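Using the sequences and the hints, build the whole thing.
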Amino acid sequence: MIFESLSNKLQDTFRRLRGRGKLTEKDVNTALREVRLALLEADVNFKVVKDFIAAVKERSLGSEVMASLTPGQTVIKIVNEELTKLMGGSVAELSQAAAPPTVVMMVGLQGAGKTTSAAKLALLLKKKKHAPLIVAADIYRPAAIKQLQVLGEQLDIPVFQMGQQEPVQIAKAALEYAKKHKHDYMIVDTAGRLHVDEKLMEELERMSATLQPQEILLVVDAMTGQDAVNVAQAFKERLSLTGVVLTKLDGDTRGGAALSVRAVTGCPIKFAALGEKTDAFEPFHPDRMASRILGMGDVLTLIEKAQASFDEDKARDLEKKLRTQQFTLEDFLEQMEQLKKMGPLNQIFEMLPGMGGMGKKLKDIQLDEKQFARTEAIIKSMTKQERQNPKIINSSRRKRIAAGSGTRVQDVNNLLKQFDMVQKMMKRLGKKEKGKGIRRFPFL
Amino acid sequence: MGLFGRIKAGLQKTRSGIMNRLEGLFSRKNFDDGFFEELEEVLISADLGVETTLDLVEDLRQKVKDEKLTEPDDVIAALKQLLLDILGESEESLEPPTEKPSVILVLGVNGVGKTTTIGKLAARYRRQGKKVLLAAGDTFRAAAIEQLEIWAERTQSELVKHQHGADPAAVIFDAINAARARGCDVVLCDTAGRLHNKASLMEELKKVHRVIAKALPGAPHEVLLVLDATTGQNALAQAKVFNEAAPLTGLVLTKLDGTAKGGIVIAVARSLKIPVKFIGVGEGIEDLQPFIAQEYVEGLFHAD
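Listed in order, the protein sequences are those of chains A and B.
With my numbering, the residue at position 347 of the first sequence is 347, and numbering never jumps.
With my numbering, the residue at position 223 of the second sequence is 223, and numbering never jumps.
No wet-lab data here; the hints were simulated from the structure.
The structure presented is a predicted model; accordingly, all values stated were derived computationally and were not measured.
For each residue, glycine too, the CB sits at the ideal point set by N, CA and C.
No incorrect hints appear here.
One-sided excerpt, in silico: chain A residues whose CB lies under 10 Å from chain B:
no., residue
1, 194
2, 222
3, 252
Output of the computed footprint for chain B on chain A, the stretches with three or more beta carbons under 8 Å from beta carbons of chain B:
no., stretch
4, 37-47
5, 111-121
6, 139-145
7, 227-240
Given below as structure tokens:
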């Protein structure tokens, strides 16, 4: 929904510029203002947004956007690419200790979801045939140890605890225990603490010095706002963070904190927690997160698909044909093949934002997969002459085409009717856009 | 330097940046667009959100024009007044409970500090000499009941609990009846943290609300939504959806002792007219304070 607004706003912005020839820096600025607001609305830190927009602007002013038939989408594409790049690649692997156990410390603010994430991570490891040990080092929150014990019982994973003793001592003893009992992973649940709490931050430093962990994962609530940068910065200054766990992603937050934290720590976001169930813990997908922050979901996938499968030269060619109304069945066939490359049609139509009336009309034509194959066969059974000028297809030609394509005369009739509809629709579009140049083929 | 490096370098300065900006704001002699832009950044960085910020700054521009303000101090004062208009200047307070028992339902998403808030509220009422009963309505999270049990001991409050996995409505129903039988003044009802986009869990909440009204006509007397000050724009969605499930009477803003400003409560107060009643400022049992709008607004413009 939010994408609708961002996408539509961008398209509106660029539509107004149509017929004016080249885009100017000011045009790009107007468009990027919308992107900026979308990112801020998604809770990306304003400072991160500022630098990010500057980078996108640099690229947008390049020829890429200017030469594009669809500047709005090209800008979105650039934004998305830069976001994904900034978010880093997918790195869900934990580094391993030369000699087991591999020690993983979970750190973060109160309520971020450390305890639950510790249990979920342990389960993930257990499923991969490892022997994890969970260590209860949160001695402050009432019943935190009990919570881990209950989770450990549920998952059949041992939990090491020493009551309310000094956390660094607990960690030390746990390490001995893990070695002795041949645990190859040791996940330490630490107490939630504010990054400005000097005493508790110092405790973490000591624990890290004692354990020499392979991984220190900062657990961050995906709903965190502007403050995410301060938190991440403070933890990073004190500890050698190796990764981030993003929790509560099953909510409806856009999760801009992911970008802020990533920008500050430079660490990859390794895992995403998406639910109350203990197995709702997954490797993190940076590309999906980028789309989510922009609020554009599937649409980006669609744009990417289209970019990958749609030949821009052919599109230009087609535009010319549309404008001069020389659209033939051959072109129709070619279009269908282009579309087919993009994947299941019903999904594509669902993904399209702002299709409005046109989307419905296209749906009425019922371009389902089977019909696709049929249509292809029918058109391929036509002579070249017939394809270019369907008007000459009389009833005896229809019979021949039906026989040749293994369909019924009725199917041939339907196709010709459909083609007629499409042609009419395109004529209308062609007229509407006359003098301004046609934006793009109506399917996209 | 790549984009990444640039952003990283930029952020090194963020914290001191806010401070400098604020000082810069106050020392400015005139206010051009740059002034208002900086003000926008201050508000956005406090999590007020884009819409609220843009509207506020627009109102402020108008005010500056109408009242012909020329001194930066006057402009900042005008902005503070705009914020106070939204938050309501009068000190909202829960005490003393007028009904006996007074039923207070506490809601929120996961990890905002509901149980801790209940513990602190219990301590507060106990200091006032009230007889308090805690209802262990979070029957879902592992050890949530035990956590509340510890708070009951610490504050010497009564506790009504069922098994883990029991129906929360039933727990709270029993708790209200027990409170009446034992002559308690206040019943504090804990609930499981739930994300507001989980329809079934919000239905469960509606049921809890209905059952409370059935157990004691006129109850619940207060429905408090706990918001985490570090939460960004999503808090607005939380408030909206929770308010539909169980009409809210107030907000509790927790974790204000960090560096987060919790400015989203301004957006919430503005769109839903729900007052902030308490703020959580620390781990201690006494670290729950009444919300005082004036102090909060001052804090927004204070770099710490």
